[in-house]
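Engineer: Chains as they are written, first to last, in this note's numbering: chain B, 1 to 438; chain G, 1 to 438.
Incorrect hints may have been included.
Stated by the list, open to error - Straight-line alpha carbon distances no greater than 30 Å define the calculated DSSO-like cross-link-like pairs of lysine-lysine that follow:
hint	chain 1	residue 1	chain 2	residue 2
1	G	K344	G	K310
2	G	K5	B	K414
3	G	K341	B	K310
4	B	K151	B	K291
5	B	K147	G	K344
6	B	K344	G	K310
7	G	K351	B	K319
8	B	K344	G	K319
9	G	K344	B	K151
10	B	K58	G	K415
11	B	K310	G	K415
12	G	K158	G	K344
13	G	K158	B	K341
14	G	K344	B	K131
15	B	K295	B	K319
16	B	K151	G	K351
17	B	K319	G	K415
18	B	K158	G	K341
19	G	K414	B	K5
20	B	K283	B	K351
21	B	K131	G	K341
22	B	K415	G	K310
23	B	K341	G	K319
24	G	K341	B	K295
25	B	K295	G	K344
Stated by the list, open to error - Residues of chain G placed beyond 10 Å of chain B at every Cβ, according to the derived structure:
hint	residue
26	S4
27	E121
28	M125
29	A263
30	N269
31	E276
32	K287
33	N289
34	K295
35	L330
36	E417
Calculated from the structure, these hints are not laboratory results. Predicted, not measured: the structure shown is a model, and the values here were computed from it. Think of the CB as a built atom: it goes at the ideal place given N, C-alpha and C, for glycine as much as any other residue.
There are 2 protein chains.
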Amino acid sequence: MYSSKIESFLKKKGITVGDRIEVKSGKGTFEGLLMPRIQGEEDILVLKLDNGYNIGLKFEEIDIKLIEKAKPRKKMPEAKEEKGEITILGCGGTIASKIDYKTGAVYPAITPEELRMTFPEIDKMAKIRSKSLFSLLSENMNAEHWKIIAKTISDEIKDGARGVVIMHGTDTMHYTSSALSFMLQNLPVPVVLVGAQRSSDRPSSENEMNMMNAIYCAKKDIGEVGVCMHASMNDDYCYLHHGTKVRKMHTSRRDAFRSINSAPIAAVNYRNDMFEVLSEYRKSSPKENFKVNTKINDNVALIYTHPNMKPELVESLGKYDGVVLVGTGLGHAPTNPSNDKIVKPILPAVKGLIDSGIPVVMSSQTISGRLCMRVYAAGRMLMNAGVIGDGADWTPETAYTKLCWVLGQTKDMKKVEELMMENVAGEISGRSLPMEEY
Amino acid sequence: MYSSKIESFLKKKGITVGDRIEVKSGKGTFEGLLMPRIQGEEDILVLKLDNGYNIGLKFEEIDIKLIEKAKPRKKMPEAKEEKGEITILGCGGTIASKIDYKTGAVYPAITPEELRMTFPEIDKMAKIRSKSLFSLLSENMNAEHWKIIAKTISDEIKDGARGVVIMHGTDTMHYTSSALSFMLQNLPVPVVLVGAQRSSDRPSSENEMNMMNAIYCAKKDIGEVGVCMHASMNDDYCYLHHGTKVRKMHTSRRDAFRSINSAPIAAVNYRNDMFEVLSEYRKSSPKENFKVNTKINDNVALIYTHPNMKPELVESLGKYDGVVLVGTGLGHAPTNPSNDKIVKPILPAVKGLIDSGIPVVMSSQTISGRLCMRVYAAGRMLMNAGVIGDGADWTPETAYTKLCWVLGQTKDMKKVEELMMENVAGEISGRSLPMEEY
Chain B
1 MYSSKIESFL
11 KKKGITVGDR
21 IEVKSGKGTF
31 EGLLMPRIQG
41 EEDILVLKLD
51 NGYNIGLKFE
61 EIDIKLIEKA
71 KPRKKMPEAK
81 EEKGEITILG
91 CGGTIASKID
101 YKTGAVYPAI
111 TPEELRMTFP
121 EIDKMAKIRS
131 KSLFSLLSEN
141 MNAEHWKIIA
151 KTISDEIKDG
161 ARGVVIMHGT
171 DTMHYTSSAL
181 SFMLQNLPVP
191 VVLVGAQRSS
201 DRPSSENEMN
211 MMNAIYCAKK
221 DIGEVGVCMH
231 ASMNDDYCYL
241 HHGTKVRKMH
251 TSRRDAFRSI
261 NSAPIAAVNY
271 RNDMFEVLSE
281 YRKSSPKENF
291 KVNTKINDNV
301 ALIYTHPNMK
311 PELVESLGKY
321 DGVVLVGTGL
331 GHAPTNPSND
341 KIVKPILPAV
351 KGLIDSGIPV
361 VMSSQTISGR
371 LCMRVYAAGR
381 MLMNAGVIGD
391 GADWTPETAY
401 TKLCWVLGQT
411 KDMKKVEELM
421 MENVAGEISG
431 RSLPMEEY
Chain G
1 MYSSKIESFL
11 KKKGITVGDR
21 IEVKSGKGTF
31 EGLLMPRIQG
41 EEDILVLKLD
51 NGYNIGLKFE
61 EIDIKLIEKA
71 KPRKKMPEAK
81 EEKGEITILG
91 CGGTIASKID
101 YKTGAVYPAI
111 TPEELRMTFP
121 EIDKMAKIRS
131 KSLFSLLSEN
141 MNAEHWKIIA
151 KTISDEIKDG
161 ARGVVIMHGT
171 DTMHYTSSAL
181 SFMLQNLPVP
191 VVLVGAQRSS
201 DRPSSENEMN
211 MMNAIYCAKK
221 DIGEVGVCMH
231 ASMNDDYCYL
241 HHGTKVRKMH
251 TSRRDAFRSI
261 NSAPIAAVNY
271 RNDMFEVLSE
281 YRKSSPKENF
291 KVNTKINDNV
301 ALIYTHPNMK
311 PELVESLGKY
321 DGVVLVGTGL
331 GHAPTNPSND
341 KIVKPILPAV
351 KGLIDSGIPV
361 VMSSQTISGR
371 LCMRVYAAGR
381 MLMNAGVIGD
391 GADWTPETAY
401 TKLCWVLGQT
411 KDMKKVEELM
421 MENVAGEISG
431 RSLPMEEY
């Protein structure tokens, strides 16, 4: 809400949020859509210019004219139920978002159908079938959504899809891509997650390039879950990342997604049929080998260690079925090997969890690099207590989704450890043994 | 411990861990120091070769000969109490570590004095005074240690030091550097944290270059806390990073430390007197303006949000004086604006904390980029609940040490928010307003 002064002025002029207006101010004359008030001063009017940028204008100085009332949003046709080569599943996120001029927030509103109407080129790429599963900003997604996505992918594949594209919010896209990597085994077709960092009514929206490249990848001979996103800050090409080795590494840049401890699968550009392979990837498996295993345990905590961390926090995790620690460096947490008086080690609490049958898995705040818990006293003490992860080079997020999935398969502590340390879906990169630098 | 078979064999031969031995195996003949057993198979003997690498050899196949018993560790002289130009404070960490052949772990053992004996070049750089504060691996450090370090730095400066170098473990070096940045205001001399990713008895130890460059930086006209670490994987030069803008970004690489949302202060190489300025930094303040403010509240939690996160975890934080969330993307957490039935939002729990007087601060798992909580419903709902941080580009770790420090200054919610959003020590980079891309 704007100040009552502005609100009553707008009412008098018959102007509501979303309308196209002209504003004369000391700074010049601007034409654009009236935005809802952004947090901050009440008497700053916010206008979305045609170049996609927002401008704030002090109300006193301005002269306002209505140009055009906002059009009511069009009703779009329901998803077609015909069979397609490529299935596009909509889960929400920015790639499927427009600004809601009532609340001012961006929210997921475009169905895959609408996207096809916006970018008709999509239909030139392949025979498309589309389906909207959810309209969620991805930070709200959880294991129940992962299961629904996995089940739908499986149904589409059984129904003949030769590739699946998933429109997904970027915040937790890498959690979903890794969870799906564990759930969908021996994939006979590619499963490609795609998103956008800017909504489709923004001038810099990269929806189209990401989407076209995702469809392009979904037609390749690939048997794993990938993430297709901008490779650079330009609209020149995308990376297709391994679903277990990717992570959002920037709040806003278009090239926010990066492969961690691995090269991407490929650099891709549908425009010139470029699919430059950068690392080994799984080819499509025979359809009869395809397995869907959505058993997953969502009662798992992801805990960031830090100075001043209270052992009580770890002690309070007794109701969880598993815990992933995001430790420091090579896989450390406060252990106090030198018996310093002012150190408060969490080691006894960690050991307590493990001794009570709750597996604890290590990952690192450094994001990049491999865990090696044999070098320092902290790591060795944690390993002796039973912490799992030495030698793994997973991200915290992949360690998390993997533990959820492994705990869906077994609760036996020994089997949990074995399965965690087994490379199930490319989440642990190989390394040379036994001569190695510790 | 090795298997009892190996242990009794070694005992018979009079060999203990740390001794130099010769081993004949199917792979060849190796000479090196007997290492303690590394987690894994009990009958693999581990030998540290003279090239610094470890090798594992199956016990059955080997023939063992004692070459030389391990020497007892030399007693080093106590720290000299003479006045110096540059004070080196030892806090432990890998830069001050050797392998403990009793336990096999690397642990901090070298005092600054010992380091001077190892690298006599240090004394050519400046008149050095050295002092050992702790021998801690840094994951064990907490706010009490930060206070002791800050107080000692202050004493040394008052006593005439024209620069201070702090030998520190790398795991949490960036927590300490940011905490010291808030505690030490208007610094009249540089304070430079330095560490190493490999212990000093390793062939690739970069102790010397980091240390020499740290001393070189400590002699410059700088009035802030910096971190001096390898800039590349070669021993060619270092970066001096801003203490609030740096983060360990790799578990093991020598160039693990990176500046986040900022360029480093400078690229430095003492060998050719290179100090190439890369970003603005504070020059030394007049000594009379120097202030030490070590008031800090360590009762602060750092919580990583994730899919399946339980609202109960947030609800259970009622005993903390402050909470930093490591959210997703632009500063999000599960809020469920679309009232999806299977979403479990933590928003009510977050609001509950804030309403009970506990400030909650946002940071992002993406590590890089600026928070912008005005774009999406999640961010707006969190801001409306009172979550602090919109527009900040701090790392999770700097947000954490800052909230600890701010809560040492005030408990007034309004003042906490004001101080958090004020750029106290370079932790929030400037940006252009009001025209801006949301």
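Engineer: Against this structure, judge whether each hint is valid.
Structural biologist: Against the structure, the hints come out as follows:
Only pairs whose Cα atoms come within 30 Å are accepted, and G/K344 paired with G/K310 is accepted, the gap being roughly 7 Å. This hinted pair checks out: G/K5 and B/K414 have alpha carbons roughly 26 Å apart, not beyond 30 Å. Taking the CA atoms of G/K341 and B/K310, the gap is near 34 Å; set against the 30 Å cutoff, the hint is violated. The suggested pairing of B/K151 with B/K291 holds, with an alpha-carbon distance near 11 Å, which does not exceed 30 Å.
As the CA atoms of B/K147 and G/K344 are separated by approximately 16 Å, the hinted pair is consistent with the 30 Å bound. About 26 Å separates the Cα atoms of B/K344 and G/K310, which keeps this hinted pair within 30 Å; it holds. Between G/K351 and B/K319 the CA atoms are separated by roughly 24 Å; this keeps the pair inside 30 Å, and the hint holds. Between B/K344 and G/K319, the direct Cα distance comes to roughly 17 Å. Compliance with the 30 Å bound is thereby established for this hinted pair.
Taken as a hint, the G/K344 and B/K151 pair is honoured in the structure, with Cα atoms around 21 Å apart against an allowance of 30 Å. Distance check on the hinted pair: B/K58 and G/K415 sit about 27 Å apart at the alpha-carbon level, within 30 Å; holds. Restraint check for B/K310 and G/K415: satisfied, since their Cα atoms lie roughly 26 Å apart, inside the 30 Å limit. About 54 Å separates the Cα atoms of G/K158 and G/K344, which puts this hinted pair outside 30 Å; it is violated.
Proposed proximity of G/K158 and B/K341 is supported: the alpha carbons are some 28 Å apart, at most 30 Å. For the suggested pair G/K344 and B/K131, the alpha carbons sit about 24 Å apart, so the restraint of at most 30 Å is met. Distance check on the hinted pair: B/K295 and B/K319 sit about 20 Å apart at the alpha-carbon level, within 30 Å; holds. Taking the CA atoms of B/K151 and G/K351, the gap is about 35 Å. The hint is violated against a cut of 30 Å.
The hinted pair formed by B/K319 and G/K415 fails the criterion: a straight-line CA distance of about 37 Å is larger than 30 Å. A C-alpha spacing of about 28 Å is found between B/K158 and G/K341, which places the hinted pair at or below 30 Å, so the restraint holds. Taking the CA atoms of G/K414 and B/K5, the gap is near 27 Å; set against the 30 Å cutoff, the hint holds. The suggested pairing of B/K283 with B/K351 is violated, with an alpha-carbon distance near 42 Å, which exceeds 30 Å.
Straight-line distance between C-alpha atoms of B/K131 and G/K341 comes to about 19 Å, which keeps the hinted pair within the 30 Å bound. The hinted pair formed by B/K415 and G/K310 meets the criterion: a straight-line CA distance of about 26 Å does not exceed 30 Å. A threshold of 30 Å between alpha carbons decides the hint, and for B/K341 with G/K319 the separation of about 24 Å falls inside it, so the pair holds. Proposed proximity of G/K341 and B/K295 is supported: the alpha carbons are some 20 Å apart, at most 30 Å.
Among the hinted pairs, B/K295 with G/K344 is consistent with the structure: their alpha-carbon atoms are about 20 Å apart, no more than 30 Å. Distance to chain B confirms G/S4 as a non-interface residue, since its nearest Cβ pair spans about 18 Å, more than 10 Å. Under the 10 Å C-beta cut-off, the non-interface status given to G/E121 relative to chain B holds; the minimum distance is some 26 Å. The Cβ of G/M125 sits about 28 Å from the closest Cβ of chain B, beyond the 10 Å cut-off, so the non-interface label holds.
At roughly 16 Å, the least C-beta separation between G/A263 and chain B is larger than 10 Å, which holds for a residue marked as non-interface. For G/N269, the condition that its CB be more than 10 Å from all CB atoms of chain B holds, with the nearest at approximately 25 Å. G/E276, annotated as away from the interface, keeps every beta carbon of chain B farther than 10 Å; the closest lies near 25 Å. Look at G/K287: its CB is around 30 Å from the nearest CB on chain B, clear of 10 Å, so calling it non-interface holds up.
No Cβ of chain B approaches the Cβ of G/N289 within 10 Å, the least distance being about 28 Å, so the stated non-interface status holds. Even its closest Cβ contact with chain B, about 15 Å, leaves G/K295 beyond 10 Å, as expected for a residue assigned away from the interface. For G/L330, the requirement that its beta carbon stay farther than 10 Å from each beta carbon of chain B is not met, with the minimum near 5 Å. The claim that G/E417 lies off the interface holds: its Cβ sits roughly 13 Å from the closest Cβ of chain B, which is beyond the 10 Å cut-off.
In this structure, the earlier hints numbered 3, 12, 16, 17, 20 and 35 are contradicted, and the remaining ones agree with it.
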